[in-house]
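Novice: Those protein sequences? They're chains A and B, same order as listed. Reminder that position 273 of the first sequence reads as 273 in my numbering, one-by-one numbering, no gaps. Positions in the second sequence are counted from 1; adding 1000 to them yields my numbering.
To be clear, the hints were calculated from the coordinates, so they are not data collected in a lab. The beta-carbon is built from N, C-alpha and C at its ideal position, and this holds for glycine as well. Wrong hints could be hidden among the right ones.
[What the hints assert, rightly or not] Where chain B lies over chain A, by a calculated footprint (3+ residues, C-beta under 8 Å):
1. 227-236
2. 266-280
[What the hints assert, rightly or not] Chain B is nowhere near these chain A residues, computed Cβ spacing over 12 Å in every case:
3. Phe42
4. Glu102
5. Ser107
6. Ala350
So the chains spell out like this:
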Amino acid sequence: MSTPSTNAPTGRRRPNAGDGPELVPTHSDEPLLQVRDLTVGFRTEDGRVSAVDQVSFDARAGELLAVVGESGCGKSVAATALSGLLPHNATVTGSVRLDGVELVGASPDQLRAVRGKEIAYIFQEPMTSLNPVFTVGRQVAEVLRVHEGMNRRDAMSRAVELLELVGIPTPRERIKHYPHQLSGGLRQRVMIAMAVACNPRVLVADEPTTALDVTVQAGILDVLRDMRDRLGAAVVLITHDLGVVADVADRVMVMYAGRVVERGEVHELFERPRHHYTVGLLGAVPSARTADGQQRLREIPGLVPTLAEQPDACTFADRCPAASDKCRSSQPRLDVAPASRHEVACWHPAGTDRAEVPA
Amino acid sequence: MTGGRDVAGQTPVCEVVDLVKHFGPVRAVDGVSLRVDAATVVALVGESGSGKSTVGRLIVRLLEPTEGTVRLAGHDVSHLSRRAMRPHRRTVSIVFQDPASSLDPRLTVGGIVGEPLRLHGVASRDRARQVGEMLEKVGLRGSVAERYAHELSGGQRQRVSIARALVSNPSLLVADEPTSALDVSVQASVLNLLADLQRDLGFACLFITHDLSAVEYLADEVAVMYLGKLAEQGPREQIFNSPRHPYTQSLLSAAPVPDPSAQRARRRVVLSGDIPSPVNPPSGCRFHTRCPVAVERCSTEVPELRLAGGSEVACHLVADDGTGPDVRRGDSAPEPATAASGEPS
Ligand SMILES: Nc1ncnc2c1ncn2[C@@H]1O[C@H](COP(=O)(O)OP(=O)(O)OP(=O)(O)O)[C@@H](O)[C@H]1O
Ligand SMILES: Nc1ncnc2c1ncn2[C@@H]1O[C@H](COP(=O)(O)OP(=O)(O)OP(=O)(O)O)[C@@H](O)[C@H]1O
Ligand SMILES: [Mg+2]
Ligand SMILES: [Mg+2]
Chain A
1 MSTPSTNAPT GRRRPNAGDG PELVPTHSDE PLLQVRDLTV GFRTEDGRVS
51 AVDQVSFDAR AGELLAVVGE SGCGKSVAAT ALSGLLPHNA TVTGSVRLDG
101 VELVGASPDQ LRAVRGKEIA YIFQEPMTSL NPVFTVGRQV AEVLRVHEGM
151 NRRDAMSRAV ELLELVGIPT PRERIKHYPH QLSGGLRQRV MIAMAVACNP
201 RVLVADEPTT ALDVTVQAGI LDVLRDMRDR LGAAVVLITH DLGVVADVAD
251 RVMVMYAGRV VERGEVHELF ERPRHHYTVG LLGAVPSART ADGQQRLREI
301 PGLVPTLAEQ PDACTFADRC PAASDKCRSS QPRLDVAPAS RHEVACWHPA
351 GTDRAEVPA
Chain B
1001 MTGGRDVAGQ TPVCEVVDLV KHFGPVRAVD GVSLRVDAAT VVALVGESGS
1051 GKSTVGRLIV RLLEPTEGTV RLAGHDVSHL SRRAMRPHRR TVSIVFQDPA
1101 SSLDPRLTVG GIVGEPLRLH GVASRDRARQ VGEMLEKVGL RGSVAERYAH
1151 ELSGGQRQRV SIARALVSNP SLLVADEPTS ALDVSVQASV LNLLADLQRD
1201 LGFACLFITH DLSAVEYLAD EVAVMYLGKL AEQGPREQIF NSPRHPYTQS
1251 LLSAAPVPDP SAQRARRRVV LSGDIPSPVN PPSGCRFHTR CPVAVERCST
1301 EVPELRLAGG SEVACHLVAD DGTGPDVRRG DSAPEPATAA SGEPS
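Assemble the whole structure, with the sequences as input and the hints as a guide.
Specialist: Structure (C-alpha cells):
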C-alpha cells in the first residue's frame, strides 16, 4: 500500500511506481476509464423505469470530460453506476473498466476499495451525503484513515489542510462543526475536500459548484484543473453551467433522456453544435437570451419523455424542429463525423442540411 | 401594527431592519436592512457563507433574530411564537437551497406538493387537481405525483420544492437557489414561470442566487452581501451597468461566459487573500483584506451604506456622485498602503 502522505496540499505526487504496477497511469491505448453500453433501470411500483440507455464513453487520464444535459436525463445515475453505488432496485448492465479491471458485477469489497481511493465522488446534494451526527473534520479524517491508513491525529491535521485547500476560512474552527452549521457552499466544499483527499485517479464531480458564488467557484475549478494537470486524474464534471464547461472542459458529452446524443472537443461543440438538443441548450443560455433583446428566455418546448416510451425512435423527436418520420421510427446512433472528433446521434444534424458556411 | 410605509403609502410585503443573527460566535448576519415590495423581485447575491440563506430563514421566521426587526405586511413578526406565526405561514413560502433534505421521504411527490393545501383545508379532490396543474407548470409530468423524492433526479426534486412553495399562492416567496440544479433550458422555463406567476399573481420575491444572469433576467432590485453585511443595493440596471462597490465589480467579472474562446481569454478579477471568517470579521470594511483598492482608512472605519450615484454603497472610496475605482479596469490602491493582505491584527 502507499505510504500516507502528509505534505503540503500542493505539490503532492501520486505514490511511486514502485508501490505497484497498477498505480501509474497507463500509456497504453486503453483509456483509464472505459464505459461501454452502460444501461441502468429501476424497478418501481409502476414498473421498470429506464434511466440510462447504452451509454459509452472514455475518461482519459489528464483530461476533463464535461457531461451536460436535461435535468433527469441520467447523468447522476450513470455516474453513480460507475462504482456500483446505486440502490437495490437498480439493474446495471454493460461494462465499466478502470485500467482494464471490470467493475460491473465486481464484489462489494472490490468496489469499496475502488471508491474514494481510485474513483472519488463529489455528490450533487452535499447534505444527503454528509453524515449529520459527525463533525465535518471527523468525516474528512475518516476517509484518510480508511484509505490511507493514517492515524487519527495525522488524519485530522491533513483534514485541516484539505479544508484550507478548498478555500474554507478558519479550517481549524470549521472541523469542529456539524454539517447543519455550515452554509450550502461550505458543505459543498467539505464534500470536495473529502473527494480529493486520497488523490483519486478518477474524480466524478456532480454539480460541484452550484451552491458557490462565482469567486469561490473559480477557486474550485482551479482545484479540478489541478487534479487533472498535476495529478493526471481523469475528471468527469457533470454541470448545468455552460460557462463552467466553456472554462475548464477538454471534451463535452451531451445527454438526453438516458442517451448520449453528442460528444466532441469543447471549442468545436460550442461553435458547431450538431444535435438540435445541444443547439437548443446553447440557445437557452442567459447571455444568448439577453443579447438578442428578447423579453422571454428561450426554452425548449415540451417535456422530456421517459425512455420507455420510445425504444425505436430519437427521444428528442417530439421537441425537435428538424424531426422527420424517420426520427420517430428509428433510433439514431452516435457516429463520427468525417474529419472531426465530433460525434452526433441525429438523422438530420444541424449545420449539414442547409448550406451553412462557417464564418 | 407598525410603520414601514414608504412615501407612496404602500406597505412593503416584507421589511427587515438592522437584522442581526448570531449562532454562538458566528456572526452570520450583522445588520442588514432590506425591503421587498408587492410584485417586485429582490435578488440577494454574494459570497458563499455571507448570510443569504440565514436572511431568508429569518424572514420566514424559521429562525429568530438576535436583534432587529422582521415585518411581514407591516406586522412585526420578529419574536412571534410558532403558534402566533401560523396565520403568516400561509402568505410566505420558501424554496430551500438543498431540495433533497427538505422533502419528506415518507410522502409521495403528490403528498409533498399537496401538503400546504391540506393544511389550508382544501378538499382532497381539488388538491389532486391543483397539484397536477402545479407539477405541469414546473415542467414535471403529472405521473411523478406517485413517486417518492429519492426516486427523482436533483433537478426534478428542485422543481417539486418550487411547486410546493407556489401551490398555496403566497404573497411572498423566498426562493433560495431555486434553479441551481436545473439545466439551462429547464432553468429558463422555471424563470419564465416565476416571471409569469409573479406578474399574474403579483407576489413579492426574495430571490437568493449565485446565478447573475438569472438575476439580470428576473430581479428588479439587487442586494449584494459580503460577510453578514450589505455591500451594495440598488436597481438592477444600476448594479449591472455601473457597479460601485469593488466586491460587486469583482463578482460581476468572475462570472464565466459560455464561450470557450472568449472565456479562456477573459480577465477575471481574482480576489487575493483568505476569505475571512464570520467568527472574527475584519475591522473597518469587511472587504478590505481582499480589496485591490483598499486604503488605510478601510481597515479602521466601518463604511455606512449610503446613497451614491443611484445605488446604496458601503465603500469609503466611492464619492457621493458614484464615481470611484473600478477593479475591473485593473485599478489598484492609490497610495503605498496597497492592497492589504492577510488578516488584520
Ligand atoms: N432510485 C430511483 N428509483 C427510480 N427512478 C430513479 C431513481 N433514481 C433516479 N431515478 C430516475 O432516473 C432518471 C435519471 O436521474 P438522474 O438523477 O441521473 O438525472 P440527472 O441527469 O442527474 O438530472 P439532474 O440534472 O436533475 O440532477 C430520472 O428520471 C429519475 O427520476
Ligand atoms: N445553525 C447554524 N449554526 C452555526 N452556524 C451557522 C448555522 N447556520 C448558518 N451558520 C453559519 O452562518 C454563516 C452564513 O450561512 P448562510 O447559510 O446564511 O450563508 P449563505 O450566504 O447562504 O451561503 P451559501 O451561498 O454558501 O449558501 C456561515 O458561516 C454558516 O456556517
Ligand atoms: Mg443529477
Ligand atoms: Mg445559502
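Novice: So, for every hint listed, does it hold in this structure?
Specialist: Each hint, compared with the structure:
no. : hint    : in the structure
1   : 227-236 : violated (count 0)
2   : 266-280 : holds (count 4)
3   : Phe42   : violated, 7 Å
4   : Glu102  : holds, 27 Å
5   : Ser107  : holds, 25 Å
6   : Ala350  : holds, 16 Å
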